[in-house]
Amino acid sequence: MKKYITGISALICMAVLLFFESCYSVRIASKHAIPEPNIMPEGEGYWRDKQVYTLDTTVKLKILESEATVLNLCPDGFHSIEYRVTLGHVLLSGITLGKTKKIKLKCNCVKPQ
Amino acid sequence: MATTSTHLISQWDTFHQNGPFPAKMVLSTKPEARHIMPVAIDRYNDAADEIRRLIADAVTHHERFRPYGSTWSLNNIAHQQDRMHHNAFMNIKMDIASGDIHPQSPYQHGNLFFFQCGNTIKEISRYLFDHGKSLKTSGASNGQTIAGGISTGIHGSAMDVGSLQDCVVGINLITGPEPADVVYIERHTRPALNNTFAAKLKSKVIRNDDLFNAALVGLGSLGFIHGVVLEVENLFLLKRYVKYIKRAEALDLAENMNFPNSSFVIPSETDANGKPLRPYHFKVYVNPYNANEDYVAEVIYKKPYVPGYPDPIPSVRKAVYKELPDFMVMLAAKYNRVIPLIINAMKGTLFPKLDSETTGTLGEIFWDSLHKGKAFAVTIGIDNKDTTKALDTFLNFVNTEGPVPGAIAFRFAKATEATLGFTKYPMTCILEMDGVLWDDGPGIVSYSKFLTRFIEVFQQANISFTMHWGKNADWAFPGLVDYMFGNKKDAWINARSALLTQPMADVFSNDFLDSTGLSVYNAAANPGLIVSLNKNGNPDPTV
Ligand SMILES: Cc1cc2nc3c(=O)[nH]c(=O)nc-3n(C[C@H](O)[C@H](O)[C@H](O)COP(=O)(O)OP(=O)(O)OC[C@H]3O[C@@H](n4cnc5c(N)ncnc54)[C@H](O)[C@@H]3O)c2cc1C
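Read top to bottom, the protein sequences are chains A and B. Reading the first sequence from the start, the letters are residues 313 to 425 in the numbering used here. Reading the second sequence from the start, the letters are residues 5 to 547 in the numbering used here.
Just so you know, these hints were derived from the structure itself, not from any lab. Treat the hints with caution; some may be incorrect.
[Claimed, not checked] Distance condition first, Cα-Cα at most 27 Å in a straight line; then the derived DSSO-like pairs of lysine-lysine:
1. LYS357/B with LYS343/A
2. LYS343/A with LYS137/B
3. LYS343/A with LYS306/B
4. LYS343/A with LYS307/B
5. LYS378/B with LYS418/A
6. LYS279/B with LYS357/B
7. LYS343/A with LYS140/B
8. LYS378/B with LYS343/A
9. LYS389/B with LYS247/B
10. LYS418/A with LYS208/B
11. LYS376/B with LYS343/A
12. LYS97/B with LYS343/A
13. LYS343/A with LYS34/B
14. LYS389/B with LYS493/B
15. LYS137/B with LYS97/B
16. LYS539/B with LYS208/B
17. LYS418/A with LYS376/B
18. LYS376/B with LYS250/B
19. LYS376/B with LYS416/A
[What the hints assert, rightly or not] Pairwise CB distance ranges, derived in the manner of DEER restraints:
20. THR398/A with PHE240/B: 27 to 35 Å
21. ASP494/B with LEU417/A: 52 to 60 Å
22. LEU417/A with ASP510/B: 43 to 51 Å
23. ARG57/B with SER405/A: 48 to 56 Å
24. ASN466/B with GLY389/A: 52 to 60 Å
25. VAL43/B with LEU404/A: 51 to 59 Å
26. ASP164/B with THR398/A: 47 to 55 Å
Each residue gets a CB set at the ideal place from its N, CA and C atoms; glycine is no exception.
Extracted from the complex, chain B is given alone in its bound form (with noise of 0.2 Å):
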């Protein structure tokens, strides 16, 4: 049988460090061992039964219930002060087989992988590579598990897949302590697997476009996620290049897309014709604090896989994203003068090594972080078309009221379907700031402050954005999250009313929930919207 520990604490923090918040307990699930439950469906059952059994536990004592996973999220969305669930134990994986797919879905079951919650995009990559595949994308890292990636809607800068939930084709949930509760859901337009597959997974199926969509950037608010199904592809390289991009070039291409007529051009990337071929990934590294300075881009072609290149991990270390020193933390509050010579001083270790070629799997490429102190990350997504407008609002934005500690990056994804996706988009700039999160002093601007100017800031300047749900924002902010999705929150309120009930929507409430407004519960909402479909869009007497 699957075992849980049980950790009582009086506080939890995440991986950077930006709580600590009040906490009293810490279940730690593990599955039944192999040797033990040789079949995976088996542990992956019993692992549900105990899951079940920890929310029939919480409900009894009246407590919230709440997963987390590698604590990568830089706020309190994975935070809950009753009972918070530690999933990282919990990585079984199964593969798909023919018999198990749905006879209209428009997927290969080669390429369709079932993955438990607690599965890390590293261990998902490794797992992939051993069958000859790999994911769509992933973020520039690879801690992260998959239920808590596609929770917040995690992107890299692959502009023409999406982020890694649009990489999900279905979800198996587990919505309160009874047996009722497991369900598997997916989206009715493109089914995936078959009821006989559900049947094993004890689930009841859905099929629901609208409801697929609200649960696949969940927040940790529509129950717990058991499992996914996720689709992948058959094993391909990755060829990076970083090189100084004119701003005037950078801006160009961020809001046109059009590469071949750019005339950033790297001499091995062009097709015939000598034009400029369109990477794959397409990311801008930019010093907010010296307007001379050239930007950094980061550009890197998809290729096919060739066993033999040479090993991309030690140079890509030395590429990753290095926070500041503490000592920059403890200048800043005091001489806030000083974090603009801090920065230009510290270009080498903030950005990728200029001129350098790598070349490896998404896995190789995007690689280990290490934890290098406290931390804060901004990002909002935006229209392409307004990567110009929103940058320089966020440069004088630092520069006026700031400067604050930290560095500005700019990405791209296509807009997601989930209906809290914050690459809405249909070409999302996910424009970012990266720092070391600072006390606050006589010198700089205050921590909160900051966080609440920028929103007063971007709405001022009339830019419609959204921000990532796994990052720093004042999240309280009066009517946020109506500025950044409109009537696509009421959509995911009515979605997530109709698949839980209401005590067990507060179950898996939260502070972050309740501040953003979105832990309403609409009794009303249509009993249609878990309504399980055809592909016709009207209801499937099969399950």
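Excised from the complex, chain A in its bound form (with noise of 0.2 Å):
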């Protein structure tokens, strides 16, 4: 019964520890670009004052289009980008031996100069 304990706090605690390192978001500024303002200030934090555009996507390797389609969010150039990987994103890519991998990306263009 004890060993059984264990092996379950084991699972758990690998499972918890999965999760910690593999739901995270790396956000990435240009230092002198002039961030695209939204019109009004909206929710909380740090893209509270800029213009956000989303893609949430899921991509097959080799399929360049989605990367094109990447880029045509930001057509000058990207301010801040903030990428996310959640868990479900490390088992899908799991699952599909990396083939299919889920983008969920966040971002800020530079400002029309």
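Two independent chains are provided; combine them into the complex using the hints.
The structure is reproduced here in structure tokens:
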């Protein structure tokens, strides 16, 4: 019985670790770029004064069009990009042996000059 | 052609969530694309036509019209419930050629630049950097638009430079729907651009110090500021130090500005005799809830620009003022006694990092600021000679009637020429508290009472003060603007009444202006106030 509980605990620990390891977001911003403002402040935090564009899609490896879709978000360049990876994304990639990937992007473009 | 998008809304708010305020409509204008209209001045004039069209539409619908910039003002000065205009996309920039300069101008053409209203400070700094130039001063951060920034009179602590509006030498205003309502104004004693340039802007020229000074800090109410001419200077570096400073040393410097004879010395910033140099910027941070603690000084020296210095931006970001977390607001509403404990515990994030040294351009040192929750800011201008009295009044007030969740700082700026500029004292000490906007609760003074009591307490202490137009105050406090500005209030009302027709004065009014008593119209204002003058102060027949 004790062995059984230890096994379950280990599994839970691994799941929690995997969850924290694989659920993260990375935000990158260009230092000198001027952010495209939104018409009115919205939400809280970093994006409050920025026009936000999002991309939530699934891409299959070797489909180049999808890469172009990402770039079409900001024709003149990005001010900042937040890339989010969740447990679901990791599992999907694992199950499909890396052939199918979920992309979840939030970004702000440079202000048109 | 410039295009305007229309957004129907029910409420509008500021960057720091000081509202929400009821609102009907936001209009946002984008100038024509460069590849369709390649000449900047054509795009600019085309945008002016669009703004006139929008004003005409507001007039037709008997509605008010209020431009706003980055919504960084922490009160309702930028709000208007009928039609609001979002300017941030109006960011045309123009260099000034030698042939554009007025023959009697004291300015060098290479130091003058023309910026459309929606350019932000960051954007302007970047553009100037590419020209080897810099703004002379800015606020502590860079997100304000140029028109929004000058309209409330923003400042940093460049004590011998002044405030942002003091770098403006020409203003292009749209005061109504007609082509004749586009005016370019300057000081008659210091003209900047010639009549030919004004004609290129399709503007009537008015050179008149009084009108110009009234328009410099116009509170969004002297018409639509379409563009401004800024005087800038060659790129320079700033070297920033953060050190503990004894209260007595800080207050002595604040009141006497006698840096060479101060006991506060930064060893690397002394002259050949070992005497401290006068800094470019001097700011002091105070923990209001610990009387025994030394203050923190941010001292910045101006240096010639030499490339190759270490990138200052990561370290500057760590030092930017950080708001207290939301949990503090919750706690504060219930148990105000925890506020001093939290402020003490969070000193590391509230104040800049001690013993740090950073070098960068003005644009790099006063870098991006991020939204970290609902915030309030109370900022007054006082004569620097009154610093000790005012600081002690403030400390006593927040310790007896508070505590409230905020920290105190003071900065300095020399007097502005703007009629309603709040930095009006020969050397203005800007005394401020920034903090978290709290919810009313049994354990804490209510926010609105705090704002009202603040004014009462300072008036009872007999301290002459002004308040920052873009910050929090009980703006409807009876007689507040008279107390702050005396007969300059009438001078401003008269200049506005002479420049705008009565219906247009109403179009460019809002609740803020009504509650401060500044929307009053003087139909008998002297028309001479808008006469263009020559350098000797006589009517100028050439315009
Ligand atoms: C993070 C932060 C840091 C700050 N730091 C400082 C500081 O260091 N020093 C300081 O002095 N202040 C500071 N402030 C206050 C702020 O800089 C001022 O309130 C400033 O006026 C805001 O500029 P804005 O572009 O956001 O204008 P808004 O707040 O949008 O508008 C301000 C006023 O300008 C008017 N206006 C805007 N555009 C036009 C136009 N085209 N024509 C006519 N009127 C117009 C509006 O109607 C309104 O009356 C800070 C505020 C924040 C949020």
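Handout entry: Pair hint LYS418/A and LYS208/B, alpha-carbon separation not exceeding 27 Å
Key = violated (46 Å)
Exercise for the section: Sort out whether LYS376/B lies within 27 Å of LYS418/A, counting only the CA atoms. Expected result: holds (19 Å)
Problem - 27 Å limit on alpha-carbon distance, applied to hinted pair LYS97/B and LYS343/A - result: holds (21 Å)
Exercise for the section: Take the C-alpha atoms of LYS378/B and LYS418/A, compute the straight-line distance between them, and say whether it is at most 27 Å. Expected result: This hinted pair holds, its Cα atoms lying about 23 Å apart.
Practice task
For the range 27 to 35 Å, tell me whether the beta carbons of THR398/A and PHE240/B fit it or not.
Solution key: The hint (27 to 35 Å, Cβ to Cβ) is violated, given that THR398/A and PHE240/B are roughly 47 Å apart.
Exercise for the section: Using the beta carbons of LEU417/A and ASP510/B, state whether their distance is inside 43 to 51 Å or not. Expected result: 47 Å Cβ-Cβ, so the 43 to 51 Å window holds.
Handout entry: Given pair status - LYS306/B, LYS343/A, alpha carbons within 27 Å
Key = holds (23 Å)
Handout entry: Pairwise hint evaluation, LYS343/A against LYS378/B, where the allowed Cα distance is 27 Å at most
Key = holds (25 Å)
Problem - LYS389/B paired with LYS493/B [C-alpha distance capped at 27 Å] - result: holds (24 Å)
Exercise for the section: Mind checking the alpha carbons of LYS376/B and LYS343/A for me, to see if they're no more than 27 Å apart? Expected result: holds (19 Å)
Practice task
Starting from the hint 52 to 60 Å, judge whether the C-beta atoms of ASN466/B and GLY389/A obey it.
Solution key: holds (56 Å)
Practice task
Take the C-alpha atoms of LYS539/B and LYS208/B, compute the straight-line distance between them, and say whether it is at most 27 Å.
Solution key: OK: LYS539/B and LYS208/B at ~18 Å, within 27 Å.
Hint compliance for this structure: hints 10, 18, 20 are not met, and every other hint is.
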